[in-house]
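*Asks:* Take a look at the letters that make up each chain.
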Amino acid sequence: MVEGVPQNGGYMVAAYIVAAAILVGYALSLYRRPRR
Amino acid sequence: MTLIQKGRVVSLVGLVLLGAVYVRALAFTPTEATQGLAQKIYYIHVPAAVWAETSMILIGLASIFFLFLGDPRLDRFAEASAQVGAVFAAVVLTTGPIWGKPIWGTWWTWDARLTLTLLLFFIYLGYLVMRGAVTDVGLRARYSAVLGICGLLLVPFIHFSVLMFRTLHPQPIVLKPSAPSLPGVMLVTLLLSFGVFTILYIGFVMQTYALALAHEAGSDG
Amino acid sequence: MGDVLRHAWVIARKDLLLEFRSRTAFLSAAVFTALVLTVFNFGRDPTAVATIDLAPSILWITFIFAAMLALNRAFQLELENQALEGLLVAPISRRSIYWAKLIANLMFVSVVEAIGLPLFVLFFNVPIGNVLVPLVGLIVLATVGFVAVGTLFSAMVIRTRFAELMLPVLLLPFLIPPLIGAVQVTAALFAGRPLSEVEGWLRLLAAFDMCFVTLATLLFPATVNE
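Each protein sequence line maps, in turn, to chains U, C and L. Take 1 as the starting number for the first sequence in this note's numbering and just add one per residue. Take 1 as the starting number for the second sequence in this note's numbering and just add one per residue. Take 1 as the starting number for the third sequence in this note's numbering and just add one per residue.
Derived from the structure by calculation, the hints contain no laboratory data. For glycine and all other residues, C-beta sits at the position ideal for the given N, C-alpha and C. Some hints here could point you the wrong way.
Claimed, not checked - Straight-line Cα separation of at most 25 Å, SDA-like style, residue types lysine to any residue; simulated pairs:
1. LYS101/C to PRO6/U
2. LYS6/C to GLY25/U
3. LYS6/C to TYR31/U
4. LYS14/L to GLN76/L
5. LYS6/C to GLY19/C
Said to hold, decoys possible - If you want the ones that stay clear, here's a sample from chain C, every Cβ over 10 Å from chain L, calculated:
6. LYS6
7. VAL9
8. LEU15
9. LEU17
10. GLY19
11. THR31
12. GLU32
13. THR34
14. VAL50
15. SER161
16. MET186
17. LEU192
18. ILE202
19. ALA212
20. GLU216
Working from the sequences, and respecting the hints, build out all of it.
*Replies:* Next up, the structure:
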């Protein structure tokens with residue numbers, strides 16, 4: 001039985017975006033915190 | 001360069017390299033035949049999980065040394081590690097379900113990694129909330145150290161209990177998403193991602209540490 | 001070591017005498033346990049899920065909540081009237097204080113559990129007659145773990161704002177591994193499985209107890225040292 005590869009690319013994109021959002025968002029929040 | 005500037009540079013380098021890993025994972029790493037593209041979430045999910053757990057171990061070690069040496073730098077580092085650990089845990093806890101849905105059919109699975117990371121996340125939050133609730137700096141540091149050491153000791157217990165639970169109640173896993181035998185190209189991508197997360201951890205901790213230091217100096221001065 | 005325990009017992013006795021003379025805390029905890037069990041009963045559909053499947057979880061969640069109540073008032077006594085300072089200047093080791101609190105808390109929680117268990121059997125019709133002894137042994141084993149960590153954390157939490165909220169937030173993640181073990185063993189007992197099947201869980205619980213009682217004893221002085 002030859003099955004095609006599952007078409008779940010959408011999830012991959014979503015996860016990559018979410019992860020990037022968290023990391024970049026955190027980096028930005030650190031950048032913008034009040035500095036001495 | 002001050003510590004915070006150095007930290008920013010390191011973080012920036014980390015984020016740029018993260019972009020490079022993204023490109024490599026998405027475009028230049030083969031797609032796994034049985035799981036499809038969603039398997040690639042693995043390259044982000046796993047290194048984040050490793051660092052979410054390593055943060056706790058480092059907090060525990062720093063806490064032990066703090067109780068013996070009393071060096072406030074250790075306490076500051078532990079606080080920084082808790083914040084960054086919580087962020088990485090958040091990455092794990094968000095990418096995990098997004099990975100789980102296509103692969104295992106449900107958003108949440110009580111698999112070893114997710115369960116451990118969830119508990120760690122709660123411990124990080126508790127740690128940070130407690131620090132916020134204690135006004136005396138010396139007391140705060142001691143309490144944090146106690147909590148940190150307890151957290152460190154809890155980690156093996158979580159591992160064992162989850163392992164035993166899952167042996168007892170095997171989830172119907174048709175695929176083996178965490179297969180250790182990764183072909184070469186995929187393994188390299190994973191290792192590169194792990195390196196990037198290491199850089200990000202260091203950069204973020206440097207910045208958080210520097211900010212805590214500045215905050216303390218600000219409130220004294 | 002003998003001194004530590006002796007001093008601990010003296011202080012624990014004082015705490016327990018205070019508790020049982022006023023009886024308020026104790027009665028509240030007992031009533032609370034009964035209420036939680038009642039809520040559980042109405043929160044489920046008996047035709048959908050067999051009681052026996054849920055029973056272990058219900059029992060242990062109830063016990064954990066009851067333990068949390070008990071722990072919350074553990075250092076409350078000292079905080080009022082600044083009795084803690086008095087204890088600290090007394091010529092006894094800090095570890096005695098921890099063990100005193102541990103013993104007192106264990107006694108308190110045990111009594112609440114001793115009331116809760118028969119109620120549980122009554123409300124949920126769980127036949128525990130022939131597994132009573134191992135069940136009680138398990139309850140002791142798991143409770144020691146809960147209370148060991150809980151006593152340590154309640155010492156810290158008492159000096160924070162929102163102490164009653166802080167304790168569950170800090171404590172519950174730590175209770176999950178022993179809770180899993182307790183529920184698994186209880187389920188095995190209710191199902192009539194031999195204890196040997198759940199040996200791993202029992203070892204986990206015993207290890208948890210030993211590790212955390214030891215660790216808490218070592219760390220407790222750090223929570224009260226000035």
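*Asks:* Check the hint pairing LYS6/C with GLY19/C against an upper bound of 25 Å on the C-alpha distance.
*Replies:* holds, 20 Å
*Asks:* Beyond 10 Å from chain L, beta-carbon-wise, is ILE202/C?
*Replies:* holds, 26 Å
*Asks:* Just to be careful, I want the Cα atoms of LYS6/C and TYR31/U compared with a cutoff of 25 Å; is the pair within it?
*Replies:* At roughly 12 Å apart (the allowed maximum being 25 Å), TYR31/U and LYS6/C satisfy the hint.
*Asks:* Would THR31/C pass as off the interface with chain L, using Cβ distances and a cut of 10 Å?
*Replies:* Label holds. Min Cβ-Cβ 37 Å, cutoff 10 Å.
*Asks:* Is it the case that VAL50/C keeps its Cβ farther than 10 Å from each residue Cβ in chain L?
*Replies:* holds, 20 Å
*Asks:* Run the C-beta distances from GLY19/C to all of chain L and say if the shortest one exceeds 10 Å.
*Replies:* About 34 Å separates GLY19/C from the closest Cβ of chain L, which puts it past 10 Å; holds.
*Asks:* Tell me if the straight-line CA distance from LYS101/C to PRO6/U falls inside 25 Å.
*Replies:* holds, 13 Å
*Asks:* Once the closest CB in chain L is found, is it more than 10 Å from SER161/C?
*Replies:* At roughly 4 Å from the nearest Cβ of chain L, SER161/C sits no farther out than 10 Å, so the non-interface label is violated.
*Asks:* Find the nearest Cβ of chain L to the Cβ of LEU17/C and say whether that gap is larger than 10 Å.
*Replies:* For LEU17/C, whose nearest Cβ neighbour in chain L is about 33 Å away, the distance exceeds 10 Å, so it holds.
*Asks:* Is LYS14/L within 25 Å of GLN76/L, Cα to Cα?
*Replies:* With Cα atoms ~14 Å apart, LYS14/L and GLN76/L stay inside 25 Å; holds.
*Asks:* Please confirm whether GLU32/C is truly not at the interface, meaning its C-beta sits more than 10 Å away from all C-beta atoms of chain L.
*Replies:* holds, 32 Å
*Asks:* Is the hinted pair LYS6/C and GLY25/U satisfied, with a Cα-Cα distance of at most 25 Å?
*Replies:* Holds - the C-alpha atoms of GLY25/U and LYS6/C are around 19 Å apart, at most 25 Å.
When the structure is compared with the earlier hints, a violation turns up for hint 15 alone.
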